[in-house]
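Enquirer: Sequence:
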Amino acid sequence: TTKFVIFLGNFLSKNFLFFFFGIIIFFLALNWFLKTKRGKKIFDSLILKIPIISNISRKQNSALFTRTLSSLISAGVSLPRALEITAGTLGNVFFQEALIDGAERVKKGERLSQVLKEYKKFIPLTTISMIEVGEETGETAQILEKLADFYEDEVTNATKNLASVIEPVLLLLIGGAVGFFAISMVQPMYSMLQSIK
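With my numbering applied, the sequence shown corresponds to residues 8 to 204, in that order.
One or more hints might be untrue.
[Stated by the list, open to error] Ranges of calculated distance between the beta carbons of each label pair, as one might list FRET restraints:
#, residue 1, residue 2, range
1, Glu146, Arg88, 39 to 47 angstroms
2, Ile30, Lys128, 20 to 28 angstroms
3, Thr166, Gly116, 37 to 45 angstroms
4, Leu177, Glu142, 43 to 51 angstroms
5, Pro58, Val100, 51 to 59 angstroms
6, Leu35, Val100, 16 to 24 angstroms
7, Asn22, Ile60, 28 to 36 angstroms
8, Gly83, Leu178, 47 to 55 angstroms
Quick caveat, the hints were computed from the structure, so don't treat them as lab data.
All residues carry an ideal CB built from backbone N, CA and C; glycine is no exception.
Go ahead and model the full structure; you've got the sequences and the hints to work with.
Expert: Here's what the structure looks like:
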């Protein structure tokens with residue numbers, strides 16, 4: 008551990024500028040890539056695959072989707088146009104594509120719930136089922152509003168749960184790092200005392 012700490016210190020002191028500018032260039036390149044269509048799609052795909060994070064992302068996008076769509080329908084905006092506007096407010100490209108596809112197919116006479124069933128990998132089945140009920144009863148806006156309330160509460164709870172999971176992990180990492188450096192400092196002193204004996 009002591010040798011590693013010494014090596015790391017020497018490496019950083021000799022290559023500080025290279026290391027510093029390397030990090031800046033890396034993050035600038037990453038930021039540029041994430042703004043491209045391909046980069047955004049890859050990032051959003053990863054988000055939907057990470058445990059816990061994917062759950063929060065789905066619920067967050069569902070909350071925004073249902074809240075915005077409910078408000079627009081209640082204001083008298085046609086469903087296809089409301090879907091197009093709602094798509095522009097969402098952060099996840101897969102949700103956006105689902106709603107844009109939905110808008111096009113609703114114009115042709117298809118039901119929104121039927122279109123969304125093709126996107127059930129990331130759109131919760133609860134959302135699809137409740138929209139289907141709304142289409143049957145003619146109360147789509149009201150049901151969407153209730154769904155929005157439900158998902159907003161779910162996001163709040165999920166975020167709290169995530170914080171409770173992250174906190175002990177961070178403490179373990181910090182404790183491990185402190186322990187590592189403490190051992191690297193004490194070990195040479197202990198070895199020196201042993202050699203004196």
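Enquirer: Could you say whether the range 37 to 45 angstroms given as a hint is met by the Cβ separation of Thr166 and Gly116?
Expert: Taking Cβ atoms as reference, Thr166 and Gly116 lie about 40 angstroms apart, which means the hint holds.
Enquirer: Please test the hint of 20 to 28 angstroms on the beta carbon pair from Ile30 and Lys128.
Expert: For Ile30 and Lys128 the Cβ distance comes to about 35 angstroms; the hint is violated.
Enquirer: Okay, Leu177 versus Glu142 on CB: inside 43 to 51 angstroms?
Expert: Once the Cβ atoms are compared, 46 angstroms apart, the range 43 to 51 angstroms for Glu142 and Leu177 holds.
Enquirer: Should the hint that Asn22 and Ile60 are 28 to 36 angstroms apart at their CB atoms be regarded as holding?
Expert: The hinted range 28 to 36 angstroms holds for Asn22 and Ile60, with Cβ atoms some 34 angstroms apart.
Enquirer: Using the Cβ atoms, figure out if Gly83 sits within 47 to 55 angstroms of Leu178.
Expert: Given range 47 to 55 angstroms: holds, Cβ gap about 53 angstroms.
Enquirer: Does the Cβ pair Glu146, Arg88 satisfy 39 to 47 angstroms?
Expert: Hint violated: Cβ distance 20 angstroms, outside 39 to 47 angstroms.
Enquirer: Mind checking the hinted window 51 to 59 angstroms against the Cβ distance between Pro58 and Val100?
Expert: violated, 20 angstroms
Enquirer: Given a hinted range of 16 to 24 angstroms, is it respected by the beta-carbon distance of Leu35 and Val100?
Expert: For Val100 against Leu35, whose Cβ atoms are near 22 angstroms apart, the range 16 to 24 angstroms holds.
Taken one by one, the earlier hints fail for this structure at numbers 1, 2, 5, listed in ascending order.
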